[in-house]
Amino acid sequence: AAPSANKFTKTSPTKLIDVTSVFPDLFVIDGGKCTVGIESTILEILHNQIKIYRPGMISKQEINTLLSQNNIPATISYHESPIAPGSLKHHYMPKTPIITTLGPLHEQDTSSLPKHLLQKTASWKLPINAAIAAREIYGHFRKLDQQETTSMIIEITPKQRIDDHFKGILNRLFKASSYFLPEDLVEES
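My numbering runs 257 ahead of the 1-based position in the sequence shown.
No lab work stands behind these hints, which were simulated from the structure alone.
Among the hints, erroneous ones may be present.
[Said to hold, decoys possible] Calculated pairs, DSS-like style, for lysine-lysine (alpha carbon to alpha carbon, straight line, at most 30 angstroms):
| hint | residue 1 | residue 2 |
| --- | --- | --- |
| 1 | K352 | K382 |
| 2 | K290 | K382 |
| 3 | K432 | K317 |
| 4 | K317 | K416 |
| 5 | K432 | K290 |
| 6 | K416 | K352 |
| 7 | K416 | K290 |
| 8 | K400 | K377 |
| 9 | K400 | K416 |
| 10 | K416 | K377 |
| 11 | K352 | K272 |
| 12 | K377 | K432 |
[Stated by the list, open to error] Now the in silico label distances, taken between C-beta atoms and shown as ranges:
| hint | residue 1 | residue 2 | range |
| --- | --- | --- | --- |
| 13 | T277 | N328 | 39 to 49 angstroms |
| 14 | I286 | K377 | 33 to 43 angstroms |
| 15 | N327 | D282 | 39 to 49 angstroms |
| 16 | I286 | P439 | 38 to 48 angstroms |
| 17 | I315 | P415 | 16 to 26 angstroms |
| 18 | I315 | I274 | 26 to 36 angstroms |
| 19 | P384 | D441 | 33 to 43 angstroms |
| 20 | H373 | Q318 | 36 to 46 angstroms |
| 21 | K272 | P361 | 25 to 35 angstroms |
| 22 | T378 | P415 | 14 to 24 angstroms |
| 23 | N327 | E364 | 42 to 52 angstroms |
| 24 | T367 | E319 | 35 to 45 angstroms |
| 25 | D282 | L323 | 13 to 23 angstroms |
| 26 | E405 | P361 | 31 to 41 angstroms |
Since we're looking at a predicted model, the values are computed, not measured.
Glycine included, C-beta positions come from ideal geometry on N, C-alpha and C.
Given the sequences, and given the hints that come with them, work out the whole structure.
As structure tokens, this is what we get:
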């Protein structure tokens with residue numbers, strides 16, 4: 258695998274300007290804007306066991322379908338891995354704290370949040386289409402970070418939280434987030 262074009266634990270780049278702003282002294286080949294957005298699915302395949310260490314845009318459901326179509330018996334499960342890139346609890350983080358909410362902020366109990374975080378917020382609702390959400394998420398982290406706000410509110414829907422196609426996107430969002438409303442949002446996923 259090639260090295261990442263981002264600093265350790267920071268937001269991944271999706272276009273040339275993202276890379277050159279972090280590494281201004283390096284020669285960079287412009288391959289165009291990223292078409293997928295989030296990083297790849299990382300698997301370990303041993304015998305008939307498939308472990309997903311980092312979900313990406315290839316979902317567990319799609320892997321199952323491919324195996325079934327080719328009469329390949331296997332079990333697939335999600336696992337945490339200290340060896341897979343992007344597996345730290347906090348990763349992909351912008352400078353500005355992200356508050357991920359299940360539904361609109363005005364419907365949440367914000368009493369657990371430090372008050373200064375709600376002074377000047379920017380918000381973004383995760384797109385309903387998983388392909389668009391994956392392609393745009395890191396760009397929105399960067400864009401919201403440039404607005405000099407006290408926090409970024411990123412709203413997800415109950416359907417996105419349980420949709421297998423959003424697993425990789427929410428993995429990146431949750432690792433980039435500092436706060437969750439409700440507070441047990443990550444444990445519920």
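Structure-based check of all given hints:
1. For the given pair, K352 sits about 19 angstroms from K382 by alpha-carbon distance, which is consistent with the 30 angstroms threshold.
2. Taking the CA atoms of K290 and K382, the gap is near 22 angstroms; set against the 30 angstroms cutoff, the hint holds.
3. Distance hint between K432 and K317 is fulfilled; the C-alpha atoms sit about 20 angstroms from each other, no more than 30 angstroms.
4. Pair hint K317 plus K416 holds up; C-alpha atoms about 17 angstroms apart against a cutoff of 30 angstroms.
5. Proposed proximity of K432 and K290 is supported: the alpha carbons are some 23 angstroms apart, at most 30 angstroms.
6. Annotation: proposed proximity of K416 to K352 holds, straight-line Cα distance about 28 angstroms (limit 30 angstroms).
7. The straight-line distance between the Cα atoms of K416 and K290 is roughly 28 angstroms, inside the 30 angstroms bound, and the hint therefore holds.
8. Proximity of K400 to K377 is assessed by CA-CA distance (about 15 angstroms); at most 30 angstroms being required, the pair is judged to hold.
9. Distance hint between K400 and K416 is fulfilled; the C-alpha atoms sit about 26 angstroms from each other, no more than 30 angstroms.
10. A C-alpha spacing of about 28 angstroms is found between K416 and K377, which places the hinted pair at or below 30 angstroms, so the restraint holds.
11. Pair hint K352 plus K272 holds up; C-alpha atoms about 19 angstroms apart against a cutoff of 30 angstroms.
12. Restraint check for K377 and K432: the C-alpha separation of about 22 angstroms stays at or below 30 angstroms, so the hint holds.
13. Checked against the hint of 39 to 49 angstroms, the pair T277 and N328 passes, with Cβ atoms roughly 48 angstroms apart.
14. Checking the proposed 33 to 43 angstroms range against I286 and K377 shows it holds: the Cβ atoms sit about 38 angstroms from each other.
15. For N327 and D282, the hinted distance range of 39 to 49 angstroms is satisfied, since their beta carbons lie about 47 angstroms from each other.
16. Against the hinted window of 38 to 48 angstroms, the Cβ-Cβ separation of I286 and P439 comes to about 44 angstroms, which satisfies the hint.
17. The hinted range of 16 to 26 angstroms is satisfied by I315 and P415, whose Cβ atoms lie roughly 24 angstroms apart.
18. Taking the beta carbon of each, I315 and I274 are about 28 angstroms apart, inside 26 to 36 angstroms as hinted.
19. Distance hint check for P384 and D441: the Cβ-Cβ separation is about 24 angstroms, which falls outside the suggested range of 33 to 43 angstroms.
20. At roughly 41 angstroms, the beta-carbon separation of H373 and Q318 lies within the given 36 to 46 angstroms, and the hint holds.
21. Checked against the given bound of 25 to 35 angstroms, the beta carbons of K272 and P361, roughly 30 angstroms apart, stay inside it.
22. Between T378 and P415 the C-beta distance comes to about 22 angstroms, which sits within the given range of 14 to 24 angstroms.
23. For N327 and E364, the hinted distance range of 42 to 52 angstroms is satisfied, since their beta carbons lie about 45 angstroms from each other.
24. The beta-carbon spacing between T367 and E319, approximately 37 angstroms, falls within the hinted interval of 35 to 45 angstroms.
25. With their beta carbons about 43 angstroms apart, D282 and L323 fall outside the hinted range of 13 to 23 angstroms.
26. For E405 and P361, the hinted distance range of 31 to 41 angstroms is not satisfied, since their beta carbons lie about 23 angstroms from each other.
In summary, the numbered hints that this structure violates are 19, 25, 26.
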